[in-house]
Amino acid sequence: MFQSPGAILFQLGPVTVRWYGVMFAIGFLLASALGMRLARKFGLDTEKVLNTAFCAFGGGVVGARLYYVLLNLQTFSLEPLKAFAIWTGGLSIHGGIIGGFLAGAIYCKLAKISILKTADVLFTVLPLAQSIGRWGNFFNSEAFGTPVDESFPLKLFIPPERRPPDFMNNSYFHPTFLYESAYDFLLFLILHFVLADKLRNYPGVISFLYIAGYSIGRLLIEPMRTDSLLAFGIPAAILTSAISLVVSLLIILFLVLSSKRKAAQSN
1 MFQSPGAILF
11 QLGPVTVRWY
21 GVMFAIGFLL
31 ASALGMRLAR
41 KFGLDTEKVL
51 NTAFCAFGGG
61 VVGARLYYVL
71 LNLQTFSLEP
81 LKAFAIWTGG
91 LSIHGGIIGG
101 FLAGAIYCKL
111 AKISILKTAD
121 VLFTVLPLAQ
131 SIGRWGNFFN
141 SEAFGTPVDE
151 SFPLKLFIPP
161 ERRPPDFMNN
171 SYFHPTFLYE
181 SAYDFLLFLI
191 LHFVLADKLR
201 NYPGVISFLY
211 IAGYSIGRLL
221 IEPMRTDSLL
231 AFGIPAAILT
241 SAISLVVSLL
251 IILFLVLSSK
261 RKAAQSN
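Per this note's numbering, the sequence shown starts with residue 1, numbered consecutively.
Check before you lean on any hint, since a few could be wrong.
To be verified - Calculated lysine-lysine pairs in the DSBU-like style (CA-CA distance at most 35 Å, straight line): (1) 262 <-> 82; (2) 48 <-> 109; (3) 155 <-> 82; (4) 155 <-> 262; (5) 262 <-> 117; (6) 82 <-> 109; (7) 262 <-> 109; (8) 48 <-> 155.
As the list claims (entries may be wrong) - Cβ pair distances, simulated, as ranges: (9) 266 <-> 232: 43 to 49 Å; (10) 85 <-> 185: 25 to 31 Å; (11) 260 <-> 189: 25 to 31 Å; (12) 3 <-> 231: 40 to 46 Å; (13) 198 <-> 6: 43 to 49 Å; (14) 165 <-> 256: 44 to 50 Å.
Simulated from the structure, these hints should not be mistaken for laboratory data.
C-beta atoms are modelled at their ideal positions from N, C-alpha and C, and glycine is treated no differently.
Whenever a hint applies, use it, and build me the whole structure from the sequences.
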């Protein structure tokens, strides 16, 4: 059985250190370290790639929070200052990907480095950061799934104050944070150890393979969630993932055909 020990790691005077932020930071640091190794392997300027990672991180946090707030405007319109309280949770990965990519792309343009090659490095290690970051949801007792029986081997206990109104009489739920954490880690292993070397001559393909792969994972796991944000009456993550999957596959096809065409012309 899984049960959160609480959202707060420790308090030091007025400073409160939360598990959510700690897991976020650990994921970013580990992914960045591996990303620098991969950047050297790809022949990229590691300092500029690291700077891109920091820009993408900042843009990702802003994008993730903005996306979440926009889908919860009714709630945040009553208490607008809570929109800045990101340490309590409430970050959307789809918004984070969009915000992170835009911020990273702007830096790449200014630094005059390849957007697609740099993105390939960062998107290869991003699912590792996500895999670790998902444990922040565990400590916050959020992003869990539908109720399960007490006999379920991977049951997650949710305290009454964190349960949805419709499930107040249920104590145990699917640990969807764990499912996604495991899926993201598997995606990282495939991208980093199987595909990165093979696809390094097809700039952008790894990036969109990540988007396609992550979208498949969300499409599989999101239907189990009880707290999905809605857009047009449809879970936003499902809608965004479905669109992202189709678009990314089309872009991958275009990038591969373009690379092969250029190679044929050069010969």
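Next item on the list: May I ask which of the numbered hints given earlier this structure violates, with the numbers listed in increasing order?
Entry: 1, 4, 8 and 12
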